[in-house]
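Make a model of the complete structure from these sequences and hints.
Residues per chain are reported as follows:
There are 2 protein chains.
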Amino acid sequence: MWPVKLSENFSRDADFVAGLCCCTAVFWHYNMKTPRRSFLAAGLGVSLISVLSPKPQAAAVKTKLPAKGLKKADLPTPALLVDLDLFEANVRFLAEHCKQAGCGFRPHAKTHKCPEIARRQMAAGARGICVATVPEAEAMVAAGISGVHLTSPIVDQNKIGRMIDLARKGRGLMLAVGHAREVALLAEAAEHRGVSLDLLIDIDVGDRRTGILPGQPALELARQIAKCRRLRLRGTQAYSGASTHVRGFAEREKTSRGVLAKAVETRSLLSKEGFDMGILSGGSTGTYNIDAGTLTELQVGSYVFMDVNYRVIGGKNGSETYTDFHPSLTVLTTVVNATHSDQVSVDAGIKAFATDVQEKPEPRSWPGISYRRFGDEFGAITVAPGAKLPQIGDRLEFIVSHCDPTVNLYDRIYATRGDKVEEIWPIAARREFAG
Amino acid sequence: MWPVKLSENFSRDADFVAGLCCCTAVFWHYNMKTPRRSFLAAGLGVSLISVLSPKPQAAAVKTKLPAKGLKKADLPTPALLVDLDLFEANVRFLAEHCKQAGCGFRPHAKTHKCPEIARRQMAAGARGICVATVPEAEAMVAAGISGVHLTSPIVDQNKIGRMIDLARKGRGLMLAVGHAREVALLAEAAEHRGVSLDLLIDIDVGDRRTGILPGQPALELARQIAKCRRLRLRGTQAYSGASTHVRGFAEREKTSRGVLAKAVETRSLLSKEGFDMGILSGGSTGTYNIDAGTLTELQVGSYVFMDVNYRVIGGKNGSETYTDFHPSLTVLTTVVNATHSDQVSVDAGIKAFATDVQEKPEPRSWPGISYRRFGDEFGAITVAPGAKLPQIGDRLEFIVSHCDPTVNLYDRIYATRGDKVEEIWPIAARREFAG
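Order-wise, the sequence lines are chains A and B. With our numbering, the residue at position 347 of the first sequence is 347, and numbering never jumps. With our numbering, the residue at position 417 of the second sequence is 417, and numbering never jumps.
Hints were generated in silico from the structure; no laboratory data involved. Predicted model only: the values in this text are computed from it and were never measured. A virtual CB, placed ideally from N, CA and C, is assigned to each residue, including glycine. The reader is advised that the hints may include incorrect statements.
What the hints assert, rightly or not - Short, incomplete list of chain A residues facing chain B, as computed with Cβ under 7 Å:
# : residue
1 : P76
2 : Q157
3 : N158
4 : D356
5 : D411
6 : R431
Pasting the structure below:
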């Protein structure tokens, strides 16, 4: 039996990788060579996909691979797992909340970079999918996702050209813009390529990271956009990174309402001048139940996975732990050294867990153990007094400390239910080679 | 011209990816399904490569892609670059040092995960290449590298089976072992598969991370190995993570000599009992000029790239900056926001730079600017009084703070000389899906 299984499995995997490579290679290589003034020729690049791809006519890239009877115990470690029961509950809960609140949602794929998760979010009622990078946009469009919105600014010809290639496919693509230079570059490229682009004005409500200042500067950017035949303003974006992790619901609510007031005021200003302000996009997993009345759609990302860093912000009910969503994302590790009686080593270190937050990965089901990073390749496990020290070969599962940059370290998510792996989800949009 | 270029380029890229997928898929799927007692049948798995691979008879996977006239200015950012002049000087300097010192070197690929760099290290005289993971071992062997040595312990059937598949190819493969259970698993698998394995005893000289304790415990492990017909002891490994980054040469020398004394003593003990102690492997970029007289071969890794974290340890000549090797590895970024007069944002954040060390990325050629991370996707750039603040669209290049985990975030290295990209090197061994 196994040669057959092997052959099928490899074939699917290779098709998937080859398909993605083909799309991205075409966009990339063409755009790398394209002089600034020759955007009109780009249609040729797209048609080349049909020459180079082994299965060019497939409607969309496959978003998952079959697990074929795999169990958790079979997986090479470190492995990134999602618990399907918890994940599905998170997807349902947010969708239901938005439905009740009369608010749309366009979840952020920067969290998961995974077309299969985007597909499931769309099936739950999402208006589209937010992305932070051009490769993320490409992977989502390749998987058949509509309503892709690029929330980050881009100011170079290569990336602009690739976004125009995607917009050409007419799937409701949008881009956030926050600077006159960016608008000028997009306008020029859109004009030369004969493609229209939908834009949101990104308003800097206090993060000082991206976006234009609220009020008059935003109004002037809207006027600039209005002068460009191929650019269409659809509304505004107002993301507040400063609000997401404020500890304590009351304080978080106060912070978020304060910063969003600037966006609401600017929106009103632009509305009065006749600009289409249909969309006001923003919010986060930490503020989904604060912002839904103000924003027209939520950019929530982490809610599908949660992480230790989000668990500590506290809930609306006053609880110290934020339990609205469940921690579905874990890393499976193996104890590979047990030389000492007070400590063992697992095979997951800096390359297996993001290290940017103070919180550490937490054990999922082995009480009393603590993880601390122990170099690039290893973690050290110690135990509380009286707890049992794991032995060599034992497998330990940890809730990740920060989901987005941890996912960014892996190529696939094993979707599990109990001890069974049900599906394998490629983290396709993590590849950076196309941009 | 460009369609031709495109076609060639894609074809090479796809072959490379498909080749790797094929090898790893074969190893992985076969071993996932293999009952513990049926290792003998594994030869069939290897022969399947010729059925599944589009170009199965190629001697080795290609280690680089042509850059075809690309310039730095063309690259989508964030992009990982190596400066060839500096890199080549590092490779030469270490090789020359070892030659003069009469010491071998088997550089560690956990730093670069890049078969092309391994190939160049071999060309400079390396005895082989150290690796930290099974996928790294697979990628190196696939690229035709001999003398691959796995420095980390493995204790599960999947990884053991894959290492045996590699050992079967007879390229001088070695594994480090540090626990009786690991030796028992390797012995059982090697016996069932009819393959012999070369081992080094990994001695824990104080890190408490991997390896067996020096002295009697190591001797007993050697005796256990000697009883296994298919296992062959080749020497010992003694790596000291605690020595690598000690600031100040004198203090670093004292630390390294102190810990290595335990390894030397153990080696002598095992030698007296007649065990082959031909190899004593260890050392680092920080101690290469301390350990060369004690070790028979160096496991140096970071020396090819260097990073800010290594630059601060101080040199043998008393200098504060460690200048024996040059910082060849940088990340190229683009300024994508310039809303504020005192700060701009670049498109490289937590997903573009490792965050595990205190040091920050340092500007390569723009005086007076400072980088600080600004979320998953962005960095904030501020300037010293009087220095020029970059403008939107400007490109800024930063020396990485910690090379190994930064490389782990990318799929390819752009090998540059001046403003020109000469080659593109896939970071093939970074893929985790096979283990």
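Hints, verified against the model:
With 7 Å as the threshold, the beta carbon of P76(A) comes within range of chain B, its nearest partner Cβ sitting at about 4 Å, so the hint holds. Because the smallest distance between the Cβ of Q157(A) and any Cβ of chain B comes to about 9 Å, over 7 Å, the interface hint for this residue is violated. Residue-level restraint check for N158(A) holds (minimum Cβ-Cβ distance to chain B is 5 Å; threshold 7 Å). Proximity of D356(A) to chain B holds as hinted, the smallest CB-CB distance being about 4 Å (cut-off 7 Å).
Proximity of D411(A) to chain B holds as hinted, the smallest CB-CB distance being about 5 Å (cut-off 7 Å). Checking R431(A) against chain B: minimum C-beta separation of about 6 Å stays under 7 Å; hint holds.
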